[in-house]
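Novice: Okay, here's what each chain looks like letter by letter:
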Amino acid sequence: MKAAIEAIEYYLPQKTLTTEQLATERPDWSAERIDRMTGISERHIAATDECASDLGVEAAHKLFASGAIGPGQVDYLLFCTQSPDHFLPTTACIMQRRLNLPIDVGALDFNLGHSGFVYGLGLAQGLIETGQASNVLLITAETYSKFIHPGDRSVRMIFGDGAAATLVRAIESSDSFIGPYVYGTDGSGAASLIVPAGGMREPRTAETAVAAIDETGNERSRNSLFMDGGSVFTFTRSVVPNAVRALLARSGKTLEDIDLFVFHQANEYILEYLRKRIRIPSEKFYVAMRHCGNTVSSSIPIALKHAQMEGRLRPGHTVMLVGFGVGYSWSGTLVRWI
Amino acid sequence: MISRDSFLVQLDEILDQPHGTLTGPERLNEIDRWDSVAMITFLGMVDEYFGQSLRPSAVSNCETVEDLYRLATQSIAN
Numbered sequence: 016m017k018a019a020i021e022a023i024e025y026y027l028p029q030k031t032l033t034t035e036q037l038a039t040e041r042p043d044w045s046a047e048r049i050d051r052m053t054g055i056s057e058r059h060i061a062a063t064d065e066c067a068s069d070l071g072v073e074a075a076h077k078l079f080a081s082g083a084i085g086p087g088q089v090d091y092l093l094f095c096t097q098s099p100d101h102f103l104p105t106t107a108c109i110m111q112r113r114l115n116l117p118i119d120v121g122a123l124d125f126n127l128g129h130s131g132f133v134y135g136l137g138l139a140q141g142l143i144e145t146g147q148a149s150n151v152l153l154i155t156a157e158t159y160s161k162f163i164h165p166g167d168r169s170v171r172m173i174f175g176d177g178a179a180a181t182l183v184r185a186i187e188s189s190d191s192f193i194g195p196y197v198y199g200t201d202g203s204g205a206a207s208l209i210v211p212a213g214g215m216r217e218p219r220t221a222e223t224a225v226a227a228i229d230e231t232g233n234e235r236s237r238n239s240l241f242m243d244g245g246s247v248f249t250f251t252r253s254v255v256p257n258a259v260r261a262l263l264a265r266s267g268k269t270l271e272d273i274d275l276f277v278f279h280q281a282n283e284y285i286l287e288y289l290r291k292r293i294r295i296p297s298e299k300f301y302v303a304m305r306h307c308g309n310t311v312s313s314s315i316p317i318a319l320k321h322a323q324m325e326g327r328l329r330p331g332h333t334v335m336l337v338g339f340g341v342g343y344s345w346s347g348t349l350v351r352w353i
Numbered sequence: 005m006i007s008r009d010s011f012l013v014q015l016d017e018i019l020d021q022p023h024g025t026l027t028g029p030e031r032l033n034e035i036d037r038w039d040s041v042a043m044i045t046f047l048g049m050v051d052e053y054f055g056q057s058l059r060p061s062a063v064s065n066c067e068t069v070e071d072l073y074r075l076a077t078q079s080i081a082n
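In order, the protein sequences belong to chains F and U. Yeah, the first sequence ends on 353 if you go by our numbering, and it's all consecutive. Yeah, the second sequence ends on 82 if you go by our numbering, and it's all consecutive.
Worth flagging that the hints you see were computed from the coordinates, not collected in a lab. The model shown is predicted, which means the values in this text are computed figures rather than measured ones. We treat Cβ as the ideally placed atom computed from N, Cα and C, and that holds for glycine.
Stretch-level coverage of chain U by chain F, calculated; a stretch enters the list once three of its residues show a Cβ under 8 Å from a Cβ in chain F: (1) 40-48; (2) 51-58.
Sample of chain F residues lacking proximity to chain U, with all beta carbon distances greater than 10 Å (derived): (3) G54; (4) D64; (5) S81; (6) Q88; (7) N115; (8) N150; (9) V210; (10) R216; (11) G267; (12) L270; (13) E271; (14) D272; (15) K299; (16) R305.
Simulated restraints, written as ranges between beta carbons of each label pair: (17) E287(F) <-> E67(U): 27 to 37 Å; (18) D9(U) <-> A226(F): 39 to 49 Å; (19) N33(U) <-> E222(F): 20 to 30 Å; (20) A206(F) <-> N33(U): 22 to 32 Å.
Let's have the full structure, built from the sequences with the hints guiding it.
Specialist: Pasting the structure below:
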């Protein structure tokens with residue numbers, strides 16, 4: 016039995032934050048500039064009482080409604096998020112009940128961001144091809160908006176909330192549909208994209224909530240998301256081309272053998288920079304983030320869904336997925352679309 | 005590699021201002037739009053036009069537009 020991606024659905028919260036709305040908040044926040052730099056027209060923002068798990072449940076309901084699978088057939092739930100409901104219990108356990116999954120499912124959370132979807136595929140494939148599961152529900156969901164200070168333009172213009180539900184299913188086949196993989200981790204980049212306070216290392220206090228304006232004019236507290244854009248860009252421009260090369264070498268393929276490239280949808284400027292650097296033809300490089308922004312671990316599955324809907328991704332196609340970001344963490348794989 | 009004039013034009017575009025606005029002595033901390041977005045775009049521009057992968061810390065140490073140009077060209081000169 017081999018693992019294959021059978022279906023994807025996604026869910027975005029109702030409230031939106033448009034680029035025009037962002038631009039009206041400060042005179043130096045030009046809508047045209049934000050649009051040009053990010054390629055994003057609107058981001059979806061979770062409601063105050065809406066958690067990542069809520070978004071994930073909605074995405075899963077859409078998947079069930081599509082007829083791809085019923086809740087009773089799921090035998091493993093993987094939930095990728097950096098915004099759990101609680102420190103404990105595991106949010107996936109709570110989602111088991113909310114989704115009416117059988118009691119004999121396996122369920123776990125894993126904490127990854129932008130690389131999370133490909134890591135999730137690897138986990139799902141491992142479960143399936145070792146006979147531990149047949150129908151893995153991989154849910155990615157994030158609400159970075161809840162970590163972002165309203166005065167921090169550097170992250171506010173980029174990130175949007177959202178969730179995706181992907182069915183990875185066991186298929187009778189001698190040929191693989193997913194793989195090979197490349198993985199990478201560099202903890203020296205931990206401080207480049209971080210919410211410093213709120214975990215066990217630095218609990219929240221009155222002091223951590225005090226906001227200050229940094230030298231770039233962005234405001235945040237230690238309870239807020241901080242991103243060193245320059246360092247993250249430096250990491251990205253080094254790691255991603257190398258990951259692509261390693262993946263091609265490992266698979267014995269060339270760039271020309273790949274039908275579509277779907278990278279983590281960081282922002283349009285960085286994606287175009289990577290495309291040119293790796294010399295990927297523009298017609299093979301898929302971008303779909305204008306309507307939702309950078310949705311962290313859901314950005315790749317959302318883009319895949321759109322590519323499929325638009326006919327850019329068809330059965331038999333080989334698509335390269337590369338996720339990269341917070342950690343630093345990165346991952347890449349090839350998927351043969353069914 | 006592009007000329008100094010073209011470098012200044014590229015930087016004007018990054019900062020969303022008319023070509024010819026920057027001439028060199030401008031202090032970066034007095035340019036409102038010299039922010040994290042501009043920094044990233046600048047890193048990419050130098051990579052593309054000068055073949056240099058600058059460290060963000062080196063860019064942060066620049067005080068003027070002229071400093072940025074010197075930084076972009078110094079590795080080539082060396």
